[in-house]
Amino acid sequence: MRQVMVAGNWKMNGSSESVKELMAGIAAGMSSVTKAEVVVCPPAVYISRVSGAADGSAVKVGSQNICDEDSGAFTGELSGDMLKDVGCEYAIIGHSERRALYGETDELVAKRFAAARRNGIKPLFCIGETLEERESGVTNDVCARQIDAVIALEGVEALADGVIAYEPVWAIGTGKVATPEQAQEVHAFIRGKIASLNAEVAEGLRILYGGSMNPGNAKELIGQPDIDGGLIGGASLKAEDFLAICQAAE
0 MRQVMVAGNW KMNGSSESVK ELMAGIAAGM SSVTKAEVVV CPPAVYISRV SGAADGSAVK
60 VGSQNICDED SGAFTGELSG DMLKDVGCEY AIIGHSERRA LYGETDELVA KRFAAARRNG
120 IKPLFCIGET LEERESGVTN DVCARQIDAV IALEGVEALA DGVIAYEPVW AIGTGKVATP
180 EQAQEVHAFI RGKIASLNAE VAEGLRILYG GSMNPGNAKE LIGQPDIDGG LIGGASLKAE
240 DFLAICQAAE
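First residue of the sequence shown? That's 0 in numbering that gives the first Met the number 0, and the numbers climb one at a time after it.
None of these hints come from the bench; they were simulated from the model.
From the three backbone atoms N, C-alpha and C, an ideal C-beta is built for every residue, glycine too.
Take the hints with a grain of salt, since some may be wrong.
What the hints assert, rightly or not - Dumping the calculated EDC-like pairs for lysine to aspartate or glutamate here, alpha-carbon to alpha-carbon at most 16 angstroms:
#1 K237 with E16
#2 K192 with E134
#3 K192 with D140
#4 K121 with E156
#5 K175 with E239
#6 K19 with E239
#7 K19 with D54
#8 K175 with E131
#9 K121 with D80
#10 K83 with E106
#11 K83 with D54
#12 K10 with E96
#13 K192 with E249
#14 K121 with E153
#15 K218 with E199
#16 K121 with E88
#17 K218 with D240
#18 K83 with E96
#19 K218 with E156
#20 K59 with E96
#21 K121 with E180
#22 K121 with D160
#23 K83 with D69
#24 K34 with E249
#25 K121 with D67
#26 K192 with E202
#27 K237 with D54
#28 K59 with D84
To be verified - Taking CB as the label site, the calculated pair distances span:
#29 F73 with E184: 35 to 45 angstroms
#30 E219 with E76: 38 to 48 angstroms
#31 S195 with E20: 38 to 48 angstroms
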């Protein structure tokens, strides 16, 4: 049985004081979270601070990105080895904001996925369609293309080392949420696509929903047969809301 995962993507938010307060709040409520794997992904400058605060708790730490290279003249980048050194177990790969705002291609995202794996970091691999693509009826085509880039480089078996997060781009930060049925339909397509290549990988693969999950809708979304948790944005910045989503897995 797949373990539910709740991962918080803090994006470019926080300060030393707010990070300390947020981690203290999350840690204080973790005794009520017995089933979900809980991950927080702070801005890179706070990873060490968060790793220290998470030490001894059930909270795991991830980064919001990872370089596709392992070392060298890549100013501003962070390698998998560096991230692992400061306590990261996960790295978000191919978030829609990275794709849209910074031009990350499917091929580059696949290379980042590969870099995470070879450095012992689990990729939290984001895929999903824009509003225009959804309205054009190509949601499945977009998701398939993004997955195929990783499969072409690493093989379908590599997906077993990570987690997929389906994020309908039109539902991120907009307050709009795909209905549980809409989300489940895409999650089922993703699992079915992978099952056509390797049924064992598909059955064990966790697929998270990443489109404005909140305390009010988490239980119904996570209750869908192919939704294994959430990649949480805004709600992850409030300990009470984040914990409520984690508790939805109970």
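Structure-based check of each hint:
no.: 1; hint: K237 with E16; in the structure: holds (14 angstroms)
no.: 2; hint: K192 with E134; in the structure: violated (21 angstroms)
no.: 3; hint: K192 with D140; in the structure: holds (11 angstroms)
no.: 4; hint: K121 with E156; in the structure: holds (14 angstroms)
no.: 5; hint: K175 with E239; in the structure: violated (21 angstroms)
no.: 6; hint: K19 with E239; in the structure: holds (15 angstroms)
no.: 7; hint: K19 with D54; in the structure: holds (13 angstroms)
no.: 8; hint: K175 with E131; in the structure: holds (15 angstroms)
no.: 9; hint: K121 with D80; in the structure: holds (12 angstroms)
no.: 10; hint: K83 with E106; in the structure: violated (23 angstroms)
no.: 11; hint: K83 with D54; in the structure: holds (14 angstroms)
no.: 12; hint: K10 with E96; in the structure: holds (10 angstroms)
no.: 13; hint: K192 with E249; in the structure: violated (29 angstroms)
no.: 14; hint: K121 with E153; in the structure: holds (14 angstroms)
no.: 15; hint: K218 with E199; in the structure: violated (26 angstroms)
no.: 16; hint: K121 with E88; in the structure: holds (6 angstroms)
no.: 17; hint: K218 with D240; in the structure: holds (13 angstroms)
no.: 18; hint: K83 with E96; in the structure: violated (23 angstroms)
no.: 19; hint: K218 with E156; in the structure: violated (30 angstroms)
no.: 20; hint: K59 with E96; in the structure: violated (23 angstroms)
no.: 21; hint: K121 with E180; in the structure: violated (28 angstroms)
no.: 22; hint: K121 with D160; in the structure: holds (6 angstroms)
no.: 23; hint: K83 with D69; in the structure: holds (12 angstroms)
no.: 24; hint: K34 with E249; in the structure: holds (6 angstroms)
no.: 25; hint: K121 with D67; in the structure: holds (14 angstroms)
no.: 26; hint: K192 with E202; in the structure: holds (11 angstroms)
no.: 27; hint: K237 with D54; in the structure: violated (20 angstroms)
no.: 28; hint: K59 with D84; in the structure: holds (14 angstroms)
no.: 29; hint: F73 with E184: 35 to 45 angstroms; in the structure: holds (39 angstroms)
no.: 30; hint: E219 with E76: 38 to 48 angstroms; in the structure: holds (39 angstroms)
no.: 31; hint: S195 with E20: 38 to 48 angstroms; in the structure: holds (47 angstroms)
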